[in-house]
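**Q** As given, the protein sequences belong to chains A and B, one line each in that order. Quick note on numbering: the first sequence equals residues 1 to 318 in UniProt numbering. Quick note on numbering: the second sequence equals residues 1 to 222 in UniProt numbering.
To be clear, the hints were calculated from the coordinates, so they are not data collected in a lab. Predicted model, so just to flag it, every value in this text is computed and none were measured.
In silico DSS-like pairs for lysine-lysine, Cα to Cα no more than 27 Å straight-line:
1. A/LYS246 <-> B/LYS173
2. B/LYS206 <-> A/LYS148
3. A/LYS247 <-> B/LYS173
4. B/LYS173 <-> A/LYS240
5. A/LYS210 <-> B/LYS187
6. A/LYS148 <-> B/LYS142
7. B/LYS173 <-> A/LYS133
8. B/LYS142 <-> A/LYS149
9. A/LYS149 <-> B/LYS206
10. A/LYS210 <-> B/LYS173
11. B/LYS7 <-> A/LYS133
12. B/LYS214 <-> A/LYS133
13. B/LYS7 <-> B/LYS40
14. A/LYS133 <-> B/LYS206
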Amino acid sequence: MSEAVALDKQAELKTDSKLEKLYSLGHFVVTGELGPPQHAEGHELEHHAHELKDIVDGFNLTDNQTAIVRLSSIAAGIHVLKGGGVPIIQMTCRDRNRIAMQSDLLGAYSLGIRDVLCLSGDHQSFGNHPTSKNVYDVDSVQLIAMVKKMRDDKKFLSDAVIKANEPRFFIGAVENPFGDPFEFRAIRLEKKVNAGADFIQTQAIFDLEKFARFMEMAVARGIHERTKITAGILPVRSVKALQYMKKDVAGMEIPDSLIERMKKAEDPKKEGIQVAIEMCNELKKIPGVAGIHIMPVGWEAALPEIVKGAGFLPRPKV
Amino acid sequence: MIVAEIKPIEEIAEAIKGAKKVLVAGCGGCVTVCLSGGQKETDIMASALRMKMKVDGQPLEIETATYERQCDPEYVIRFKEHLQDVDAVVSMACGVGVQFMAENYPEIIFVPGQNTKFAGAAIEHGIWEERCMLCGECVLAKTGGVCPVIRCSKSLMNGPCGGSQNGVCEISKDTPCAWQLIYDRLKGQGRLDMMTEVLPAKNWSKNRDGGPRKIVREDVRL
Numbered sequence: 001m002s003e004a005v006a007l008d009k010q011a012e013l014k015t016d017s018k019l020e021k022l023y024s025l026g027h028f029v030v031t032g033e034l035g036p037p038q039h040a041e042g043h044e045l046e047h048h049a050h051e052l053k054d055i056v057d058g059f060n061l062t063d064n065q066t067a068i069v070r071l072s073s074i075a076a077g078i079h080v081l082k083g084g085g086v087p088i089i090q091m092t093c094r095d096r097n098r099i100a101m102q103s104d105l106l107g108a109y110s111l112g113i114r115d116v117l118c119l120s121g122d123h124q125s126f127g128n129h130p131t132s133k134n135v136y137d138v139d140s141v142q143l144i145a146m147v148k149k150m151r152d153d154k155k156f157l158s159d160a161v162i163k164a165n166e167p168r169f170f171i172g173a174v175e176n177p178f179g180d181p182f183e184f185r186a187i188r189l190e191k192k193v194n195a196g197a198d199f200i201q202t203q204a205i206f207d208l209e210k211f212a213r214f215m216e217m218a219v220a221r222g223i224h225e226r227t228k229i230t231a232g233i234l235p236v237r238s239v240k241a242l243q244y245m246k247k248d249v250a251g252m253e254i255p256d257s258l259i260e261r262m263k264k265a266e267d268p269k270k271e272g273i274q275v276a277i278e279m280c281n282e283l284k285k286i287p288g289v290a291g292i293h294i295m296p297v298g299w300e301a302a303l304p305e306i307v308k309g310a311g312f313l314p315r316p317k318v
Numbered sequence: 001m002i003v004a005e006i007k008p009i010e011e012i013a014e015a016i017k018g019a020k021k022v023l024v025a026g027c028g029g030c031v032t033v034c035l036s037g038g039q040k041e042t043d044i045m046a047s048a049l050r051m052k053m054k055v056d057g058q059p060l061e062i063e064t065a066t067y068e069r070q071c072d073p074e075y076v077i078r079f080k081e082h083l084q085d086v087d088a089v090v091s092m093a094c095g096v097g098v099q100f101m102a103e104n105y106p107e108i109i110f111v112p113g114q115n116t117k118f119a120g121a122a123i124e125h126g127i128w129e130e131r132c133m134l135c136g137e138c139v140l141a142k143t144g145g146v147c148p149v150i151r152c153s154k155s156l157m158n159g160p161c162g163g164s165q166n167g168v169c170e171i172s173k174d175t176p177c178a179w180q181l182i183y184d185r186l187k188g189q190g191r192l193d194m195m196t197e198v199l200p201a202k203n204w205s206k207n208r209d210g211g212p213r214k215i216v217r218e219d220v221r222l
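Use the sequences and the hints to build the structure in full.
**A** As structure tokens, then:
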């Protein structure tokens, strides 16, 4: 891309998100995920962000993942900022109503967060407060539309005007290509894009063939031209982890061949990294895939190994 | 109908501790249909309570009475003759009946005999399932006649979450995914395009979130 074209592209940017800039310049984006701790200390997050800031373009911060109480994703985002990283905060619909969500969005933006990933969230029955009341005042599609409305129309969901300093988020959404009904997944993805999703992160991919079929449907609908689709990777350390996900994690599809491969591995950790690297290489080739999102689930050391092994280094500076 | 389920007898016994005479009041409405609070269950409850209190060394005089409804003044008044010198009433009606009776007889202690569960249907003999959450603004025309507000565990309005797999909800293999049901229904009717519409955030003020609700029908007021 010539510099003039690149500059022209940048002039069209909706936000001052680094992710948006990277995508607009045509880079293959690589993001990672960090799980905030179950306590009130953020040093470790800051440390991880500092160590890994040149490895990935941004850090996803989960929002009370699997309905387990954790340091808030927004607070976690601030620790990541302190460590020099780019935070992508997750916001789920489970725990807050539209008033709290919009308030938190204002707060997050005021603190320097520019990227938000909108999702419905795991049901509270999976977490450590299964007797809690859930909210789901709005759903994920409605949340996306709400963030867009705040940014592009300068209005709150109620239509009340945001008189100044509207939050200008780069809006993310998730899609699980392995949920059912399968044929509806691309349509659902399109709904999220119609609602305003600028980028998409997918559920962890283990079944490449099924994911490719999903992408074919998405590409046929032209969705990849209207949003950036980032493919999810989850490195596994043991065959047990794979078996657990296959059996107990909703919406995960794991081929038996992969379980067999991990069973035979002499060094399961090494093999897990190798699988993830191979997956990156395969996913990169699938039309419509604009980036990779790596979810190490507590295994942060896997991030640099995968990113390096997949040839994604050095990360572009913008 | 409103579906209810009888409370553990220990809980009821604890709540009426100290009473010498108790009326177990049945209801001929929904709880009769769902076989939890009609005449028959009321008589069974009275016997069970009588035995339990005797075993516990607190013998108790128990009577029963059942009328059509406990949520309607014309039937509530009929309980009056049974309330002379009773210390407490175990109401076998739903939560509406218990409250309405208590409002009408403020000097008497009312104890619920049931946990009021949901608005549902008898899908098989002995199996009741929730079908409506009384949200105040029905969306069934847009969702193929399947309610996502109550039948989706997350009340999602725009399609299934990522946890929908093999037709069941992520929270339990016994819970059908409402959006799979909607998808199947609309597909069968050739109306799948309806699922592409983005439904806006729901107006929950029509639900309990608008405060306790009331309907006034001037045309039928006396």
